[in-house]
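Asks: Quick note: the sequence shown uses full-length UniProt numbering, first residue 1, plus one each step.
For the record, the hints were derived by calculation from the structure and aren't laboratory data.
Hints are supplied without guarantee of correctness; some may be wrong.
In silico DSSO-like cross-links for lysine-lysine, where the CA-CA straight-line distance does not exceed 27 Å [stated by the list, open to error]:
| id | residue 1 | residue 2 |
| --- | --- | --- |
| 1 | K196 | K560 |
| 2 | K50 | K144 |
| 3 | K160 | K637 |
| 4 | K160 | K56 |
The following label-pair restraints were derived from C-beta to C-beta distances [stated by the list, open to error]:
| id | residue 1 | residue 2 | range |
| --- | --- | --- | --- |
| 5 | E159 | G456 | 43 to 53 Å |
| 6 | F663 | R427 | 31 to 41 Å |
| 7 | G195 | D631 | 31 to 41 Å |
| 8 | P55 | T21 | 33 to 43 Å |
| 9 | R552 | G461 | 43 to 53 Å |
| 10 | L668 | F425 | 16 to 26 Å |
| 11 | F663 | R552 | 48 to 58 Å |
| 12 | F425 | D684 | 21 to 31 Å |
Cβ atoms here follow ideal geometry from the backbone N, Cα and C, with glycine treated the same way.
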Amino acid sequence: MPTKQPRSSSTSKTTVEFIKTWLFNIFTPFSLLLHLFYLTIQSVIILLFKPRFPPKEIKHPYARIAVIGAGLTGVSSAAHAIAHGFDVVLYEASDRPGGIWSRENKTSGLQLNSLLYRFHPGVQWSRAFPQRDEILDQISKIWKEYGLESRTRLNTPVEKVQRIRRVCEDSDSTESPEGYVASPSQWIINGGEDGKFDAMIVTIGTCGKPKWVGFEGMPDGVGKSQGAKKSKDQADTGDEGLKSEKRKGQHLSDEDNMAKGNVGLKGARKQPKRGKHELVEETTKVENITAAKHDESETASPTTPIKETAHYPFIQPYPQRESPHVKGKEARAKDQDTYEGPVLHSSQLDNATPEVLKGKTVVVVGSGASGVEAVETALGRGAARCVMLAREDKWIIPRNIVFDTFLSAQPFGREMPFSFLWENFLRVWQYHGVQDLVPEKGIFGGTPVVNDEFLGHVRRGRCVYIRGDTLRFTRHGVLANVRERIERGESLGLGGGVRECDVKDIKEQTGRVHEPREKKKGTIIDKPSQKDLPRVEEIAADIIVLATGYERPDLSFLPKELFPEGYDRPNMYLQNFSTEDWSVLMTNSAYLNAIGTVGHFHIGIYTRILLTLLLDPNARPSPKDMKLWVDVVRFVKKGASGGALGFFTYMELTIWLITFHLFRPDRLRWLFFIMQGWGVRPDDERLVRNMKDGTRNVQEGKVEV
Numbered sequence: 001m002p003t004k005q006p007r008s009s010s011t012s013k014t015t016v017e018f019i020k021t022w023l024f025n026i027f028t029p030f031s032l033l034l035h036l037f038y039l040t041i042q043s044v045i046i047l048l049f050k051p052r053f054p055p056k057e058i059k060h061p062y063a064r065i066a067v068i069g070a071g072l073t074g075v076s077s078a079a080h081a082i083a084h085g086f087d088v089v090l091y092e093a094s095d096r097p098g099g100i101w102s103r104e105n106k107t108s109g110l111q112l113n114s115l116l117y118r119f120h121p122g123v124q125w126s127r128a129f130p131q132r133d134e135i136l137d138q139i140s141k142i143w144k145e146y147g148l149e150s151r152t153r154l155n156t157p158v159e160k161v162q163r164i165r166r167v168c169e170d171s172d173s174t175e176s177p178e179g180y181v182a183s184p185s186q187w188i189i190n191g192g193e194d195g196k197f198d199a200m201i202v203t204i205g206t207c208g209k210p211k212w213v214g215f216e217g218m219p220d221g222v223g224k225s226q227g228a229k230k231s232k233d234q235a236d237t238g239d240e241g242l243k244s245e246k247r248k249g250q251h252l253s254d255e256d257n258m259a260k261g262n263v264g265l266k267g268a269r270k271q272p273k274r275g276k277h278e279l280v281e282e283t284t285k286v287e288n289i290t291a292a293k294h295d296e297s298e299t300a301s302p303t304t305p306i307k308e309t310a311h312y313p314f315i316q317p318y319p320q321r322e323s324p325h326v327k328g329k330e331a332r333a334k335d336q337d338t339y340e341g342p343v344l345h346s347s348q349l350d351n352a353t354p355e356v357l358k359g360k361t362v363v364v365v366g367s368g369a370s371g372v373e374a375v376e377t378a379l380g381r382g383a384a385r386c387v388m389l390a391r392e393d394k395w396i397i398p399r400n401i402v403f404d405t406f407l408s409a410q411p412f413g414r415e416m417p418f419s420f421l422w423e424n425f426l427r428v429w430q431y432h433g434v435q436d437l438v439p440e441k442g443i444f445g446g447t448p449v450v451n452d453e454f455l456g457h458v459r460r461g462r463c464v465y466i467r468g469d470t471l472r473f474t475r476h477g478v479l480a481n482v483r484e485r486i487e488r489g490e491s492l493g494l495g496g497g498v499r500e501c502d503v504k505d506i507k508e509q510t511g512r513v514h515e516p517r518e519k520k521k522g523t524i525i526d527k528p529s530q531k532d533l534p535r536v537e538e539i540a541a542d543i544i545v546l547a548t549g550y551e552r553p554d555l556s557f558l559p560k561e562l563f564p565e566g567y568d569r570p571n572m573y574l575q576n577f578s579t580e581d582w583s584v585l586m587t588n589s590a591y592l593n594a595i596g597t598v599g600h601f602h603i604g605i606y607t608r609i610l611l612t613l614l615l616d617p618n619a620r621p622s623p624k625d626m627k628l629w630v631d632v633v634r635f636v637k638k639g640a641s642g643g644a645l646g647f648f649t650y651m652e653l654t655i656w657l658i659t660f661h662l663f664r665p666d667r668l669r670w671l672f673f674i675m676q677g678w679g680v681r682p683d684d685e686r687l688v689r690n691m692k693d694g695t696r697n698v699q700e701g702k703v704e705v
């Protein structure tokens, strides 16, 4: 039996809820005034910082730049470049601009306030937290306003990039064949159909194809390509995949033309292959998910639904079984059955309509931002309850622009002596009533999740949070190695110890037994008792959602010499420039973890740094200087839990950009151009003349693949 929640905890929960309600009631009458203020701020930003539209034809482009990827970062970078007189060509693998947002669910939206998501100064948001369609509209608006339609090569994945090194007598000056610009290299994209480029901006992001984890027991065909891409209409209206569950004999398939992933959850082992004698039938009829629940009077077994208990109706200990060494082939095959319900990736939630989810139990595998959104979406569409299987805990911070801004303003990018103040505030304000969900690691060690609803669902018992590892799918749900489960804010523990057969099952399926976690209470470390050891449980599920994120995009199309050992992603100059060649910029494509935003003013600043280096030979760093910068950051952040450049805050990034000028006084004259975007216009005769006079004695080098 779970222990009763202390009275002080309940009192604290009530007090915090009262304060939140009181503050909400105070500010509600001023909501219209705040909205007008919000629109006014955006208008001022547009007036001061939006670049002018480029002329229809730029007579003397300062340089040619290839932009790989037409998501919000690529479109914004290209818009900045062309507005300042540079010729650009965008390459996009899909049939429309938008990047990851064009593949998200219709209900997906910003978790950060949109004032922190101004990926271009010309963006005009209608509300604080816009959803997918408005975000795509703003991307399309910038794309069209700056004449990028004719410069975009849609349905053109970049498969090969060739590098032509330039060799000159004076290492500080080089020249392109056109005579307008100097850069260390020229770049040929996909064989050179669009000519040579003087620089390249790689904006493929960090989210590629949906990551399908190949758990045992997953229905055949789930996550495999269906040979057709998801159209815009399908993205807006949903596919027949999950609706067709009303017709027996169909599984939900991936309609995004994405291949099944062969990697597991981060840090998890791959499941061992089974022998032929253990294979189950390749095709299994799927029962109608809208049908009535199985008769509760059935006897519990590995192949039948498990009877509910009064306190925990949908999570049960895995039934007692014989040792796998003594049971027959038929019995072993019976245990290794296939899940009979629908399986979705979190990017397919548009297909999970309210009539499908109503009254169902949804199990979400994964605890990141997509997992939190999946729980929120499922419960919002009528699901009876959700279960989240979390291998590791994530900090969940409020959707509050003041708090989020101050948190990202920490300048050190690592845990500091007073970081506990942020964590204690979150324990009281955000985690009241669900303190057991507070992660053990510090908040400045990974990317937090921004959400206001999820913890409330756990408080109310609509979502059960389970710390554990997913082992495999069963016929009626998920088999998990459970370390701890939390319901209604209470840690329920495990109880009952671990049966010997369960330990054998864990060893057989994963090759190891997970070490129990030691819990700290004050200064005393409590060694886990027998009842705290992990155990195997079967979690019943009507629908399973894989919130396992996205695969990291492949960079194999770029020359390998751009990323020498120790200076690959994210260990790059200013975290985004190749240390071997500054003419390669990788905005939003190199980071791992951060507290900040991917869609803000840094996109324009990084682009203008590249433009400045193309315009001014005296401002350029050498490969030695760029590697020194990386080494200095490593030295300063030695011992940081998130890594020197693997984790940073937005203030830390801003400091990097400011010191780019301060440590090189010869760059100060470009300060207002780089930081504000003022001063460089297309076809400036003075700039063209200076560039021609400053670039001489050039010889073309050989092509390097």
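Asks: Mind listing which of the numbered hints don't hold for this structure, in increasing order?
Replies: 3, 4, 8, 9, 10, 11, 12
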